[in-house]
Every structure is written in C-alpha cells, then in structure tokens.
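Quick note, the sequences are listed as chains X and A, same order.
Its first residue numbered 1, the first sequence is counted upward by one per residue in my numbering.
Its first residue numbered 222, the second sequence is counted upward by one per residue in my numbering.
Since the hints were made in silico from the structure, they are not lab data.
Take the hints with a grain of salt, since some may be wrong.
[Stated by the list, open to error] Computed cross-link-like contacts, EDC-like style, restricted to lysine to aspartate or glutamate with a CA-CA straight-line distance of at most 20 Å: (1) K84(X) with E63(X); (2) K19(X) with D214(X); (3) K236(A) with E527(A); (4) K230(A) with E142(X); (5) K223(A) with D214(X); (6) K397(A) with E386(A); (7) K230(A) with E526(A); (8) K30(X) with D162(X); (9) K84(X) with D162(X); (10) K397(A) with E426(A); (11) K19(X) with E617(A); (12) K407(A) with D392(A); (13) K187(X) with E128(X); (14) K187(X) with D214(X); (15) K223(A) with E124(X); (16) K223(A) with D160(X); (17) K74(X) with E617(A); (18) K73(X) with E29(X); (19) K84(X) with D160(X); (20) K73(X) with E617(A); (21) K236(A) with E526(A).
[As the list claims (entries may be wrong)] Simulated restraints on C-beta separations: (22) R212(X) with I515(A): 52 to 62 Å; (23) R615(A) with S40(X): 23 to 33 Å; (24) T226(A) with E128(X): 13 to 23 Å.
[Said to hold, decoys possible] Sample of chain X residues with no beta-carbon within 10 Å of chain A, all distances over it, derived: (25) I10; (26) D65; (27) E113; (28) N217.
From a predicted model like this one, the values you see are computed outputs, not experimental measurements.
The C-beta atom is built at its ideal place from N, Cα and C for all residues, glycine as well.
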Amino acid sequence: MINITDVTRIYDGPRGQVKGLDRISISIEKGSFVTVTGGSGSGKTTLLVTLGGLLRPTTGSVEVDGRQLYSLKKNQLARYRNRKIGFVLQTFNLIPYLNALENVMIPMIFAPENGNGGRRPRAESLLERMGLGERSMHLPRELSIGQQQRVAIARALANDPDMILADEPTGNLDPALAMEILEILRKLNEDEGKTIIMVTHSPMAAAFGTHRLDLRNGRLI
Amino acid sequence: MKLNTIIWKELFLRKSQLVSALLAVTLGIAVIVGIQTVAVVSENAVKIKMENLGANILVLPQAASVDDYYAADIDAPTFPEEYVERILNSALNGVDNLSPKLTRRIDAGSSNVILTGILPSEELAAKPYWSISGLSGKDTGHVHTGPSGIDPKYLDPRLQRTAIETLNRDDVLVGKVAAERLNLTKGGTLTLRDHVFNVSGILPETGTVDDNRVFAHLHTVQGILGIGSQISCIEIMGCCSAISDGLLGNLRNILPDTRITTIGQIVSTQIETNRLMEQISLIFLVIILIVGAISIGNFMWANVEERRREIGAMIAIGATQSVIYRLFMTKALVLGAVGGFLGYIIGTAGAMILGPRLAGLAVEPMAVYLFFAVLIAVLISLTGSFIPTFRASRLEPSFIMQEV
Ligand SMILES: Nc1ncnc2c1ncn2[C@@H]1O[C@H](COP(=O)(O)OP(=O)(O)O)[C@@H](O)[C@H]1O
Ligand SMILES: [Mg+2]
Numbered sequence: 001m002i003n004i005t006d007v008t009r010i011y012d013g014p015r016g017q018v019k020g021l022d023r024i025s026i027s028i029e030k031g032s033f034v035t036v037t038g039g040s041g042s043g044k045t046t047l048l049v050t051l052g053g054l055l056r057p058t059t060g061s062v063e064v065d066g067r068q069l070y071s072l073k074k075n076q077l078a079r080y081r082n083r084k085i086g087f088v089l090q091t092f093n094l095i096p097y098l099n100a101l102e103n104v105m106i107p108m109i110f111a112p113e114n115g116n117g118g119r120r121p122r123a124e125s126l127l128e129r130m131g132l133g134e135r136s137m138h139l140p141r142e143l144s145i146g147q148q149q150r151v152a153i154a155r156a157l158a159n160d161p162d163m164i165l166a167d168e169p170t171g172n173l174d175p176a177l178a179m180e181i182l183e184i185l186r187k188l189n190e191d192e193g194k195t196i197i198m199v200t201h202s203p204m205a206a207a208f209g210t211h212r213l214d215l216r217n218g219r220l221i
Numbered sequence: 222m223k224l225n226t227i228i229w230k231e232l233f234l235r236k237s238q239l240v241s242a243l244l245a246v247t248l249g250i251a252v253i254v255g256i257q258t259v260a261v262v263s264e265n266a267v268k269i270k271m272e273n274l275g276a277n278i279l280v281l282p283q284a285a286s287v288d289d290y291y292a293a294d295i296d297a298p299t300f301p302e303e304y305v306e307r308i309l310n311s312a313l314n315g316v317d318n319l320s321p322k323l324t325r326r327i328d329a330g331s332s333n334v335i336l337t338g339i340l341p342s343e344e345l346a347a348k349p350y351w352s353i354s355g356l357s358g359k360d361t362g363h364v365h366t367g368p369s370g371i372d373p374k375y376l377d378p379r380l381q382r383t384a385i386e387t388l389n390r391d392d393v394l395v396g397k398v399a400a401e402r403l404n405l406t407k408g409g410t411l412t413l414r415d416h417v418f419n420v421s422g423i424l425p426e427t428g429t430v431d432d433n434r435v436f437a438h439l440h441t442v443q444g445i446l447g448i449g450s451q452i453s454c455i456e457i458m459g460c461c462s463a464i465s466d467g468l469l470g471n472l473r474n475i476l477p478d479t480r481i482t483t484i485g486q487i488v489s490t491q492i493e494t495n496r497l498m499e500q501i502s503l504i505f506l507v508i509i510l511i512v513g514a515i516s517i518g519n520f521m522w523a524n525v526e527e528r529r530r531e532i533g534a535m536i537a538i539g540a541t542q543s544v545i546y547r548l549f550m551t552k553a554l555v556l557g558a559v560g561g562f563l564g565y566i567i568g569t570a571g572a573m574i575l576g577p578r579l580a581g582l583a584v585e586p587m588a589v590y591l592f593f594a595v596l597i598a599v600l601i602s603l604t605g606s607f608i609p610t611f612r613a614s615r616l617e618p619s620f621i622m623q624e625v
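The shape of chain X in the complex, shown without the other chains (with noise of 0.2 Å):
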C-alpha cells in the first residue's frame, strides 16, 4: 500500500522554478495496476522516481507500507530500490559492455545476503521465461530493442521486487512487440500479483491498467 499526501515537487531549472508535481494525493493498492498518463511535461515521470524513493519531494509525504520513503538513509533507500521495486525504462538503461544474462544479474550483486551461488540460475530462469534463453550470451547491441526490453523487464524481477515502475516501456517499439512487453506486465500483475505502475503516451497501452491516473501540469486530473 503506498499512500502519496500532498506531494510537491519543485525543479530549479535554467527558467526559474517548474512545478514537476503539484500537491498530488493519491492512494496505490497493493496488486494493483496502474497506468498514468498526461501529455509531455505534466509530471509522469516525476510522479514516478517519487515513488520509486529515486526523488526526494520538495514537501508532502510518501508513505509505504505504513512506513515514510524519505525518512530512510541513503543507503536504505537505495536498499529499498534494489529489493522492492523493479525499474523499466523506455531506454532501457542497458549496461552496454555485459551480456544480457549478466545484466540481469547486477541487482543481485547488490543484494549480497542471498549469496552468489543462485545468480546465474535465478537469472537464465528470468531471461527464459522472457522468451530469451538464447540470448542470454548476447550483449545489448546484438539484441533487437523488443529483446532489450525484455531483458530489461527480466533485470527488474531479478530480485522479485513487490512493485514494477514502468516509465513508457512500450514508447520505442511498434505495435506488435508493444503488445507482447504489455502482456508481460499483465502477467506478472495477475499471476504473481506485482503492483505495476506504467507510464504511458498510447490509449492502448492505458487500457491495461486496472486503474488510471491522468496528469496535467503537474496536477490530477
């Protein structure tokens, strides 16, 4: 359960102050999926490093699980990242020089108490279920932008966060394959119970969220 009161979020730009988020109150379910949309510039993304403990708000709070996200040290945070949330981007933020099976593997090296030994495992079992067994050798470049995201979808289960944060995933890639990462999401939303939080431009890609949120200038609408 995260329960987001009042959040403002202020950005220092080069024109003067922006607000990113404007006094957002909103309450996310566990289990739930959510999709958020509003045009470029409303807040989307601000919305969600939020929540992800990525972007501390300017004032208001972020409550999860009963417990407030930026009261935690740096390190907690970073914690809660690694073993809580999963992160897809539209760009994928790939580690250019590892494979994809190693890839995957990074957010497990952060997460040193579960040990070395089930890595590699855990991982090619991740990158089989996304349909990339084998690929798993492949570095980023060999792979198509469709094998990219679902390596990167595979990175952010690696250590099977309670929450997925997805910011336009499908916002690079043509219908079909789109359809494919959405089904994905959905799967791991109604078969593993994930909360999923997916930004989003496409209607289409809207209609999968079990509920909606709609930003304008930083506001609800």
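Use these hints to put chain A with the ligands onto chain X, whose structure you have.
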C-alpha cells in the same frame, strides 16, 4: 557474477585510453626505478673501490675525463710512452708497479672492441732501473692475479686489476664479454686492422668494462693504430702510505703536463654524481606524483562522464555509494598496480641495459623496488581517482528517467 566482473569487463573496453592514462605513471616510475637501481649498484661499487683501491694512481693526459676510473683511458688523448721511464728513473718511493696503456675503440668486423695495448710485466721488469717488487706473483697460466699475487686487501676479487706477465707481440687476451660477442676461443685468431692476432687466453669475468676489452702488446697496438710511441694512461699501484707521503706531488713534479688522480678522487666525483642522481629522482618522484595523479584523475573524470547513464542506472537499481566507490577505486587500484609493475619492469630493464654502457656497472634487478613502485603508483592512482569517484557517487539517479 560479482562486482569485480563488471570492473574487469569495463577495464578492457577502451585499451588505448587505458594505455595513455597509464603512460605518465609508468614512465615516471620507470625513470625512478632505473635511477635508483643504478644508484644502488654504483654506491656499492664506490664503497668497494674506496675500501680496496685507495692506493691506486692514474696518470692521464691533462685533457682526459675522469668520470669513471675503469673507462678513463678509453679514447683518451695521449702522451709519450717515455713518461714511464721518467717515473722509473726517478726511483720514487712507494711505486709498487706501473702499467702503461693505450686504449682505442676500434672496429672488429661486425662490432666494436676496446683494444688496450699493455706492456707485459716481464718487459717492464727487464728494464734495469725497475726495482721489482711483487712481480713474482703466482703463475696461473696467462694471467697473473695482481702485482703481488692475491692481495689480501682486495675484498672483492672482481675488482683486482690483473697484471699480465707475458704477452707475445701477436697475442691477444680477450675479456669474457668481448670473447662471447666476437665468438672467440683460446687458440683462435682475431683480425684487427688487417693484423692477425692469436687468442692466447680468455680473461675471467670481472663485471667491469675490462670484460669488454681486448688486450694486446702495447707496441703492436701503437703500430696498428699508427700512434707512434704514445700511451693514454699509466696505472700505478702505489703503497697506501706513500700516497699521503707525497708520492702524488712527486709524480706531478716529474710529469707536469699530466693529470694525476687517485681512485679516491675519482670516487668522490662519483659520490657526487650519485647524490645528484638521488636528487633528480626525488624531484622526479614529486613530478610524477603530481603529473601521474592528474593524468589518471583526468582519465577517471572522463570515464565517469561517459558512464553517467550506466552509473545512474546502477544507483536506481540499488547500488549504494560504497558500491560506486568500489567500482571506481578498484579500477584505480588495478590501474596503479599495473602502471607500477610495468614501470618497474621498464625501469629495471633500462638500468640493466644502460647501466653497463653508461656507468660500466653490472646492474642487477632490485626486487624491493617492485614493492615500492606498485605502492607509489597505486597511491597516485587512488589519489587522482578520488574526486571523479566522489562525483560519481553523488550522481542524482533520477536523470536517467529523462529521455535521451
Ligand atoms: N531535472 C529537471 N530540472 C528541471 N526541470 C525538470 C527536471 N525534470 C523535469 N523537469 C520539468 O518538470 C516537468 C515535469 O517533467 P516530467 O516529470 O519529466 O514530465 P513527463 O514525464 O510527463 O514528460 C516538466 O516541465 C519538466 O520540464
Ligand atoms: Mg517522462
């Protein structure tokens, strides 16, 4: 997979950048290791010479350079051989033995040799006015072990200047190194300037420039070089106390237009050279500390800049600050260690190659310097990398969400 896998794979991505980042540190360390390695050997050599050869006197032409006792006669200007007789005639006290020499570097087919003309001691001794002291040394075939047998003063046998009792006009004695280089064995022949010599013996290794010399009869050498009755130096074994009793002054009176030095005087210039080398390497150390750190820091800064997205992604995924520090500082550590190691290898190799040529010293690798080279290079690298790493650890990860 571990964090080190990431560091390792990234390290080999841009090899040429890596090499240029290491260049300053590696070369700097190489110079210091080289200088220090030579300096240590040179210091030891000085010490041994001081202890053992304090009583040796060298008579050289006024214009000769005396940087190195062992090589002072090579290609030096000349003076008349008649000076030998002046010394002998004067019947100075304390002259144990003397040996005139003429030395030139000459072409021997494929390479150069240092040809030294000497008068075998029996010919000197045959001169009526020569009061022989200690020329009846133990016979070891061709080579005599010093003017008075094995002198107990010589702690290091390599430093004994051997006197040669007999040498025919067409014979040569060849130093160990020269023999190997020219592929000579005892009983073979060596042709120098159309003169065919018999190799009558190979001299045992001394570790000095003598190993590179070919000894022939003085008068034959004068003949083939076309240098009348001239010589380039007279080496005198004087008795220890005689030097302080005015032997040097007396010699200067007899031979006014020569330069008369003792090994002690030469050694003191060598000590000064060593001191200078030490100062140079200290200055160098400071320079490479600064230049090396800046150069590696610069490289790391660029590395952090071009990896901003990657670092941001890692922080988003859950990398803590300490992970980012480990990522870059381990890289810096590896770079420093490699730079120091390569610097040690290059510096040591340089010293071993140049040492014998420039200083006439056989240089041995100094293993302890490997430790210091790596330690210093690692410290330089870590220092230079600290600011870029600090910057990387402070990256705001949210920027990676923004579209490119
Ligand atoms: N780092 C930043 N510095 C300054 N302004 C920013 C920054 N990030 C976002 N903004 C501004 O905040 C507003 C919301 O941005 P964003 O959340 O990225 O919107 P969206 O993802 O919906 O396109 C925009 O006006 C944007 O220009
Ligand atoms: Mg956005």
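To see whether the hints hold, each was checked on the structure:
1. K84(X) with E63(X): Status holds; Cα separation ~14 Å.
2. K19(X) with D214(X): holds, 16 Å
3. K236(A) with E527(A): holds, 15 Å
4. K230(A) with E142(X): With a Cα-Cα distance of about 17 Å, the restraint between K230(A) and E142(X) holds, given a limit of 20 Å.
5. K223(A) with D214(X): violated, 41 Å
6. K397(A) with E386(A): holds, 19 Å
7. K230(A) with E526(A): holds, 18 Å
8. K30(X) with D162(X): At roughly 8 Å apart (the allowed maximum being 20 Å), D162(X) and K30(X) satisfy the hint.
9. K84(X) with D162(X): Satisfied, since the Cα-Cα distance of roughly 5 Å is no more than 20 Å.
10. K397(A) with E426(A): Distance of about 5 Å is within 20 Å: holds.
11. K19(X) with E617(A): holds, 18 Å
12. K407(A) with D392(A): holds, 11 Å
13. K187(X) with E128(X): Holds, at roughly 15 Å.
14. K187(X) with D214(X): Violated, at about 24 Å.
15. K223(A) with E124(X): holds, 16 Å
16. K223(A) with D160(X): holds, 19 Å
17. K74(X) with E617(A): It holds: about 12 Å lies between the C-alpha atoms, which stays within 20 Å.
18. K73(X) with E29(X): violated, 25 Å
19. K84(X) with D160(X): Holds, at roughly 8 Å.
20. K73(X) with E617(A): Since the Cα atoms of K73(X) and E617(A) sit roughly 15 Å apart, the hinted pair holds (cutoff 20 Å).
21. K236(A) with E526(A): holds, 17 Å
22. R212(X) with I515(A): 52 to 62 Å: holds, 55 Å
23. R615(A) with S40(X): 23 to 33 Å: holds, 29 Å
24. T226(A) with E128(X): 13 to 23 Å: Between T226(A) and E128(X), where Cβ atoms are some 21 Å apart, the hint holds.
25. I10: holds, 14 Å
26. D65: holds, 18 Å
27. E113: holds, 13 Å
28. N217: N217(X) is indeed farther than 10 Å from all Cβ atoms of chain A, at 18 Å.
Going through the hint list in order, the structure does not satisfy hints 5, 14 and 18.
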